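Chemist: Line by line, the protein sequences are chains A and B. Sequential numbering of the first sequence, starting at 1, is according to our numbering. Sequential numbering of the second sequence, starting at 1, is according to our numbering.
Using 20 Å as the maximum straight-line C-alpha spacing, the simulated SDA-like pairs for lysine to any residue come out as follows:
id	chain 1	residue 1	chain 2	residue 2
1	B	Lys172	A	Thr75
2	B	Lys49	B	Asp236
3	B	Lys172	A	Trp91
4	B	Lys172	A	Gly106
It is worth saying that the hints were derived from the structure and are not from the lab. In this text, all values refer to a predicted model and were calculated from it rather than measured experimentally.
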Amino acid sequence: MTQVITTAPASVRLAGVSKVYGRGPAAVQALDSVSLDVSPGEFCCLIGASGCGKSTLLSLVAGLEQPSEGEISVTSRQVALMFQEPALFPWLTAVGNVELALRARGMNKTDRKRRAAELLELVHLRGFGAKRPHELSGGMRQRVALARALAQDADVLLMDEPFGALDAMTRDRLHDELDRIRDVADRQLTVLFVTHNVREAVRLGDRVVLLSSHPGRVAGEFAVPIPRPRRIDSTPVAELAATITDRLRQEMTVA
Amino acid sequence: MIGTLERPVQGGKSRERTAKLWAAAWPKLLAIALVLAIWQLIHLSGWKKLVLPGPSATLANLWDQLRAGLLWHAVGTTVQRALVGFAMAVLIGSVVGALVTQIRPVREAVGSLITGLQTMPSLVWIPFAIVLFGINDSAIYFVVVMGAAPSIANGLITGIDYTPPLLLRAGKMMGLRRVSLYRFLILPASLPSYVAGLRQGWAFAWRSLMAGELLVIVANEPSLGVLLNTFQEQTDMPSVIAVMIVLLVLGMIAHVLFEAADRAIRRRRGLDLQV
Numbered sequence: 001m002t003q004v005i006t007t008a009p010a011s012v013r014l015a016g017v018s019k020v021y022g023r024g025p026a027a028v029q030a031l032d033s034v035s036l037d038v039s040p041g042e043f044c045c046l047i048g049a050s051g052c053g054k055s056t057l058l059s060l061v062a063g064l065e066q067p068s069e070g071e072i073s074v075t076s077r078q079v080a081l082m083f084q085e086p087a088l089f090p091w092l093t094a095v096g097n098v099e100l101a102l103r104a105r106g107m108n109k110t111d112r113k114r115r116a117a118e119l120l121e122l123v124h125l126r127g128f129g130a131k132r133p134h135e136l137s138g139g140m141r142q143r144v145a146l147a148r149a150l151a152q153d154a155d156v157l158l159m160d161e162p163f164g165a166l167d168a169m170t171r172d173r174l175h176d177e178l179d180r181i182r183d184v185a186d187r188q189l190t191v192l193f194v195t196h197n198v199r200e201a202v203r204l205g206d207r208v209v210l211l212s213s214h215p216g217r218v219a220g221e222f223a224v225p226i227p228r229p230r231r232i233d234s235t236p237v238a239e240l241a242a243t244i245t246d247r248l249r250q251e252m253t254v255a
Numbered sequence: 001m002i003g004t005l006e007r008p009v010q011g012g013k014s015r016e017r018t019a020k021l022w023a024a025a026w027p028k029l030l031a032i033a034l035v036l037a038i039w040q041l042i043h044l045s046g047w048k049k050l051v052l053p054g055p056s057a058t059l060a061n062l063w064d065q066l067r068a069g070l071l072w073h074a075v076g077t078t079v080q081r082a083l084v085g086f087a088m089a090v091l092i093g094s095v096v097g098a099l100v101t102q103i104r105p106v107r108e109a110v111g112s113l114i115t116g117l118q119t120m121p122s123l124v125w126i127p128f129a130i131v132l133f134g135i136n137d138s139a140i141y142f143v144v145v146m147g148a149a150p151s152i153a154n155g156l157i158t159g160i161d162y163t164p165p166l167l168l169r170a171g172k173m174m175g176l177r178r179v180s181l182y183r184f185l186i187l188p189a190s191l192p193s194y195v196a197g198l199r200q201g202w203a204f205a206w207r208s209l210m211a212g213e214l215l216v217i218v219a220n221e222p223s224l225g226v227l228l229n230t231f232q233e234q235t236d237m238p239s240v241i242a243v244m245i246v247l248l249v250l251g252m253i254a255h256v257l258f259e260a261a262d263r264a265i266r267r268r269r270g271l272d273l274q275v
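So that you can see chain A by itself, here it is in the shape it has in the complex (with noise of 0.2 Å):
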């Protein structure tokens, strides 16, 4: 029922995790005692049919509601929260956006014009600073998002479906640079990467934790040896695609 947060490297624990919606006959299971433990500088991917509790089991670790049984310890400085829609505020540019998160943390504005120029950089879209949402593609507000959430200084990042709605080589390319963002950040950052895609997580993951429907349990973990950098069409990766997907497939037809 609490949620610990102190200083040591970022990690993330879930231990016998239960959510429960509403009372009575009308209440709905989202989380089954869930046990997970992501270890610091890890990216574990989280994967399973619609209706297991994804973005439930982030709203927990992120804080944003309470778990109705068991216990989630966040050892971290900041968690940052990224959804499958960019969530970006309309009336701020891209880099007023970015600037926000920074001025949220206490940063003077220096500082602030300095770190978001940094940022917007770092996701590749310098010189689109100055345009509001509205003006930007689909995979550029997805990039102001991603330079948003690294702004609050996170070293955990739980992202919900971040590349959902992006077409394949978009989301290809923002595969790359989340690569090269953690490089950046020295392997010190925690990703907790939720998706429905087997292959992103096989691409991007390395562990893969398979979660079953209804109400969602951990149904299988598989790690991921695949050196980097990795290729969504390599090989190596459709391969353990598929098993996971197999075992995916007997998951949902068991439920």
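On the provided structure of chain A, position chain B as indicated by the hints.
Modeler: Then chain B, alone, in the frame of chain A:
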């Protein structure tokens, strides 16, 4: 493309601007011409000939009044009252709206009352205001505020209530709390609805003001309402219509200003339809 090639290089821009202005202006000019023509026809037909003047007599009257000082003085008084009354309504409406969104019992208590007040014709407040304040400016301001404040409060309440939950989650993750959450997220998010409320509030303020000025005749203070009243008593129909034309023009100016503010907000946020 062809149009661009045919157009001479020099002065292309200013010509384009003229064309644009003309495209916007001709339907309005045509409408005015049609109204004047119909009016003239009615006048020629002899219907109510004794009391209904033709357009030429009326426009001549308007011209004379514009050249004399009284009409301008009246416009000054009325517009000043409208602005002061509206400012008071904005202040009161915003404070009430903010209280309703922040304090649950206040919402339970006055939430539906605000909508009830909004539908109440402002004329109804006049006897109450005259008894309470006497025949003076205060009574008029009271009627204006009662007419306009509910719409303004409702605009703010709606805007705050409808802040997209996803943006709220994003803001909270960013560390925006309480005051900063309002300053950087909820208030900017509710701006379009607030402006819509202001716009509606202005319309109500203007109507309430006219009702107030027609019925609360403050001595020695010529306003547009007082002029209308006087001209009615003198059965001076050309002057009555001239004053009404002035009222119409003032209403249109306010519309243009609000429209510009509204469009600027929508364009900033990518909500305008002409994308």
